Amino acid sequence: MNAVARYFDSLFSVCGTAWNRFWFTPADPSGLCVLRVLTGVLALWFLLSFVFDLTTWFGPDGLLPIETVRQLTGTEDSAWNGRLSYLMYSDNPTLLRVLHGVGLLVVAAFTVGFATRLTSVLTLAIILSYIHRGPMVSGPFEPVLTMLLFYLCFAPCGASLSVDQWLRQRRKGDSANVSRLAGVEPSMAANLCWRLIQVHVAALYLMMGLTKLGGSDVWWMGEAMWWLVAHTESRLVDLTFLHRHVYVINLWTHGVVVLELLFGLLVWQPLARPLLLVLTTLHWILIGLLTGLLSFAVVMLVANLCFVSPATMAEVIRFLTHRSRSSASLPSVGG
Amino acid sequence: MTSKSPGSSATPPATSPWQTILSLLIVFHLFFVFLALGSNYSRSSLTYDLLNRFAFYTRLFNFDLDFTPYHLTHGTDADVDHRSEVLAKGSEEWIVFPRGGFRGADSYKRQQRFAAMWAFQALNGGQPALFAQALGNYVSRQQHLVPQQVRCRKHFQQPREDVAGGTAAQRDPEDPSRFSVAYTANVIVNADASVDVIRVEETGQVAVPVNSAGNARGTNANERGR
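Top line first, the protein sequences correspond to chains A and B.
Read in order, the letters of the first sequence are residues 5 to 339 in the numbering used here.
Read in order, the letters of the second sequence are residues 92 to 317 in the numbering used here.
Treat the hints with caution; some may be incorrect.
What the hints assert, rightly or not - From chain A, some residues computed to sit far from chain B (all C-beta separations above 12 Å):
#: 1; residue: Ala7
#: 2; residue: Asp13
#: 3; residue: Thr59
#: 4; residue: Leu67
#: 5; residue: Ala112
#: 6; residue: Phe118
#: 7; residue: Leu122
#: 8; residue: Val141
#: 9; residue: Val167
#: 10; residue: Trp170
#: 11; residue: Leu255
#: 12; residue: Leu269
#: 13; residue: His326
Unchecked claim - Here chain B is said to cover these stretches of chain A; the calculated rule only asks that three of the stretch's residues, wherever they fall, bring their Cβ under 8 Å from a Cβ of chain B:
#: 14; stretch: 15-28
#: 15; stretch: 143-152
#: 16; stretch: 201-208
#: 17; stretch: 225-236
#: 18; stretch: 288-302
If you're looking for bench data, these hints aren't it; they were derived computationally from the structure.
In this text, all values refer to a predicted model and were calculated from it rather than measured experimentally.
Positions of the beta carbon are idealized from the N, C-alpha and C atoms, including for glycine.
The shape of chain A in the complex, shown without the other chains (with noise of 0.2 Å):
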């Protein structure tokens, strides 16, 4: 019993060491900075989707009256079934505007970093309340969107790459030699958002991996690809051709099965990531091609991000501003 006893206490011991040092080992926020900036944008270009199409859906006579959804999910006697949407309170189309162009500038906001606290929430309830509204026309690209929204929600993504540090580096008198990326200092609470992204996306990519394989047995005859290929109304790119080329389609086919898999469970060993993000990079952008949801092969791209180390962006982002202000000397990234 004192043996098993030492054993449990060992193995709790470990597992409690690592489990602090995986989530609560203070990190450079900088990376989640970027991170922001990008989403931001996927967030604005999500906005934009829906300029000229507004009333098309949310209006009074639109394709998604609000009686219609309340009624396809099931909340039309009032019962709340988890969605909160303030578009569902009015129809009005001028109504819609106004709204639309004050979400518009709160995601630009956040995207910018200004009072990044506050529009990060802002920027997660706008884009779900679009969300919520028609959920019968949101896809693969909204989830993965709203993932890192709400991540964000709690990282100091505003530290860098940002008004809000402009104005901090300008309160202090010091805002001629600011670097976009000085005075960022380590925090748990960085790390602890940075893991929490990793930890969803890789389980998103198992998700994907391994619902292929259920199903029916198009992927695991090497099929599934020509289906996607076959579809005319859809792609982007006419890849036909390769109905002559059935090793191709096979390969492919079994190489897109393989490679979520092994993302999802091989990406923490840090000389696999560079491969896996090379060939999930490549994947998402024949994907894209192919499927035409190019909103979310560029939204995976943007979460692959979260396994680049901050520190090798801050890198590249030095070096992009180094080359366009060519006169100016940068100081270095603190971590």
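We have chain A already, so just place chain B on it with the hints.
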């Protein structure tokens, strides 16, 4: 290029009560994230009930993927292209939604998903009349056309063997044999500009007209998670 922890240079701090609380919150959160991801394709009674009971968290923040097809395709009838179509009075050509444009645009994709959901409702005992009525109403009031009929059609892909060595019709992706109607309804525009739809059933059957109150009610959409 990569590192075990994101850019960290400090040693891990000692465990504090805050870390314990945060750890519990992390476990709670990840449990529901994994539950939602694992239930996207199919759900047991347990996972269905859990997700419904905690919908204030899973659905509110959109963690519940709601059967979104992340598998991209299973080669089934549900995975084909869908389109909504309207036949205006006095016209012989059907107006197709999405109406052209860039296929990669979200607006285009939304039109396709609308049609796909319409077809799903029609073929699974749901409420397809709501979609038909919405489309008829939209075309009548926003597009200023008088709709005569609305329909939802599936556009099936060609098997690889057909493209490789089939007949001329089999090699043509736009051949009429590649299309299947999931739902058709006649549209009645009333004097007060409201729209009723009457489903076109098989020969010999008559469907009850559906008015703006939505008389024809089938399976609740929540059973599919939407």
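Right, here's what the structure says about each hint:
1. Ala7: holds, 26 Å
2. Asp13: The claim holds: aspartate 13/A sits with its nearest Cβ about 16 Å from chain B, beyond 12 Å.
3. Thr59: About 7 Å separates threonine 59/A from the closest Cβ of chain B, which leaves it inside 12 Å; violated.
4. Leu67: violated, 5 Å
5. Ala112: Alanine 112/A is indeed farther than 12 Å from all Cβ atoms of chain B, at 18 Å.
6. Phe118: holds, 24 Å
7. Leu122: At roughly 18 Å from the nearest Cβ of chain B, leucine 122/A sits farther out than 12 Å, so the non-interface label holds.
8. Val141: violated, 4 Å
9. Val167: holds, 23 Å
10. Trp170: holds, 22 Å
11. Leu255: Correct as stated: the minimum Cβ-Cβ distance to chain B is 14 Å, above 12 Å.
12. Leu269: At roughly 15 Å from the nearest Cβ of chain B, leucine 269/A sits farther out than 12 Å, so the non-interface label holds.
13. His326: Answer for histidine 326/A: holds, closest chain B Cβ roughly 19 Å.
14. 15-28: Since 8 is at least three, the answer is holds.
15. 143-152: holds (count 7)
16. 201-208: holds (count 4)
17. 225-236: holds (count 8)
18. 288-302: holds (count 7)
Consistency note: the structure conflicts with the earlier hints numbered 3, 4 and 8.
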